[in-house]
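Protein chains in written order, with my numbering: chain A, 1 to 474; chain B, 1001 to 1295.
There may be inaccurate statements among the hints.
[Unchecked claim] Examples of chain A residues lying across from chain B (beta carbon under 10 angstroms, computed):
| # | residue |
| --- | --- |
| 1 | Ala32 |
| 2 | Ala45 |
| 3 | Phe78 |
| 4 | Val118 |
| 5 | Arg119 |
| 6 | Leu123 |
| 7 | Thr421 |
| 8 | Ile422 |
[Unchecked claim] Okay, the calculated bits of chain A under chain B, using three or more residues with CB under 8 angstroms as the criterion:
| # | segment |
| --- | --- |
| 9 | 34-40 |
| 10 | 267-280 |
Because the hints were derived from the structure by calculation, they are not lab data.
Note that beta-carbon positions come from the ideal geometry of N, C-alpha and C, so glycine has one too.
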Amino acid sequence: MTERAERDRERQTDRPVDAHGRHSRGVVTAIARWLDDRLGIAQGARKLLRKPFPDHWSFLLGEVALFALVVLFLTGTFLALFYRPDTRPVTYTGPYVPLQGAQVSAAYESVMRLSFEVRAGLLMRQIHHHGANVFMAAVVAHMLRTFFTGSFRKPRELMWVTGIVLVLLGIGAGFTGYSLPDDLLSGTGLQIGYATLLSVPFLGPFLAFVALGGEVPNPDLIGRLHILHVMILPGLLAAVVGAHMLLLFRVRHSQHPGEKRTERNIVGKPMFPTQTMVSAAAFAATVAVLALMGGFYEINPVWLYGPFEPSRVFAPSQPDWYVGWLEGVLRLWPAWSIRVFGIVIPQPFIPGVVIPGLIFALAGAWPWLERRYITRGDEEHNILDDVRDNPLRGAVGAAGVTFLTVMLVAGSNDVIAARFTIALERFTLVLRVLLVAGPPLVGWLTYRWLTRLKRRDIEEAERAGTVRAEQDVA
Amino acid sequence: MAADDRDTTIRRATRAAAIGFAVAIASAIGLVVVYVAGGHTQLEGLFLFAAFAGTTVGLVVWTKVLIAEPDLLEERPPMRSSQEDRAAFEHAYLEAREVRDPDIASRRRFLSRLLAGASASLALALGLPFFSLGAPPGGQLFRTNWERGSRVVDFAGRPVRADMVGPGGVITVFPEGHTGDGQSAALLIGIDFGRIVEGGITAETVPGIVCYSKVCTHAGCPVGLYREEAAELLCPCHQSKFAVYDNARPISGPTTRPLPQLPLGTDDAGFLVALGDFEAPVGPEFWNIQRGGRA
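Construct all of the structure, not just a fragment, from the sequences and the given hints.
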């Protein structure tokens, strides 16, 4: 028999039957076979089809972040088609009466046009901005979940580190996007970023000028921020999210302890159809919430702020919340200009560069720090901890969250002081004390509370004559 | 002797690769020096070339002589999965879709059709923002900025008189107030009325002058060349040729349409004015070009 005839024969008898003896037919089968002839994916696809997903709601946080990012890419593409990264002055002639005849930058004018004249433009703008907030919120929630359940442990350290990189990229994308409308608020953040860069000993002025094109503001700046925001950072975000997902695909989900669940298996709903439906629902829900917010919840009304003028500012000037903690520590740090061997260490250097740097370094190194000083041991961990299983980790996490929360609150100290009519200086002093004393106190209380819970668990288990799965008491 | 030959080859290859890399190092240093000294295009290009060329030489010699591996041979298995794997996949797929309860099965079918409907209608609705990107053309493709009474001006915006063109002369002109507008650009050509073929110029015009659209009817490039003795307009992009004394009829090249004519007259001061827009849409063809602005 010739090879061709053999192939034809094989094709004719190539009619696999299901459990009930039925032949599979139809378009889906035909496409699947066409693909398999070229890619040989039947085996892998079969596994993928029935790949188990642990169905705990908290695992959807990462999916929400991913879907928010998809929404950001799509709405951002739309906005990019109208936005003009150009600070040359033009006369505003659009329909917004209070600004008619005003000299504004072309960038600001294009954002105004987008907001008032382009159909669905304001919706897209607001969904985009809310999308950034929701993306970062989902990322942070996902990160807290990962931290407190010990999901970052071997074999998932790389996922943790790529996650930290995503947080940094997210902050960068938010920060660069924030300044693009060239409204009165946008330059403020840039000015602070510039001051922070400038504060680096020795290299500061050089770094600031090379990175930002000169003193802030300058005519080149918007163009640089634009390319960073629409090209470089989205590209990096897509690449790192891709790496994060590939790692997830390879290492697979961790799981909460439960019946039949061990370190060596994975128990959950199959990818098809259940998890596919769940993910589709998570996607639809994310888009639904963002659409509702974009439609009804005003954000960054640049027409109220007016065009950027370097000499003006208004109170309260607030960054988005995920930058707020960086702003907060700048507000809290005392007026210490330190001299080392006659060289000035500018005031913003420690709160603006050193502290955030240490926080990210500590967060990134945490899996290794924990393994070296707390848990010890080289095993793979696929079963998640309850927070009480590792009181020290829980305590460190609670202390860290306290530290960041005080910083975040300090980022809007003026708003809070005005709202509750307290003296700003006194409130700042309270926050300073809280920043130093709060984390150790909260950490210590958390540690005591968690060890008590753990002990009670063990006692209860002994009384009941059963011992919980060993990873829980280890 | 063979061993000596091999030794020599290796020694030579090492030397060649080393020289290549050394050149790369020296050139990189040169590049830095030139940059710091204020820059010099040719020197920068030269050093950049030398740096990469040196690296290329080093890598090639290294690979060919110092590594010089024999070919690997690896069998290429057929792409198609084994019969069992395919059957197992289809089985898994069918099993995943399997619904034993007939009542649930029919409800699932019903819902999946509705879901498909929801997805399709949403997908259509989500296409709507595309319409925010720009208005549909309407009648715009059929109009230029020429209208009855538009003064004819040159590149500098100066009004043009009939006697300024002269026999054989060509001037690019625009409607006053739209100097430089690509779609309205027209060619004012001084002609010899005796050479006009029968019915060769249909638009109303002033003696000694004809005015054609400058936008090539093939792909929209400016028709930039006039060969006076042959009385031909030539578009340099795709070599379409138009007969000036015969309604700018295409005589060779890819285009199918003549250049539209602009009706001309003179005002009280003797300056040229348009008597209306071009007699046909300017520029490349489009599907409803015959319909005069009606879709």
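Hint check:
1. Ala32: Holds. Min distance 7 angstroms.
2. Ala45: 6 angstroms, holds
3. Phe78: 6 angstroms, holds
4. Val118: Hint on valine 118 of chain A: holds, closest Cβ of chain B at ~5 angstroms, below 10 angstroms.
5. Arg119: Holds: closest Cβ of chain B sits about 4 angstroms from arginine 119 of chain A, inside 10 angstroms.
6. Leu123: 9 angstroms, holds
7. Thr421: Hint on threonine 421 of chain A: violated, closest Cβ of chain B at ~45 angstroms, above 10 angstroms.
8. Ile422: 46 angstroms, violated
9. 34-40: Coverage by chain B holds here, the residue count being 5 at a Cβ distance below 8 angstroms.
10. 267-280: Check passed, 3 qualifying residues.
In summary, the structure is inconsistent with hints 7 and 8 from the numbered list given earlier, while agreeing with the others.
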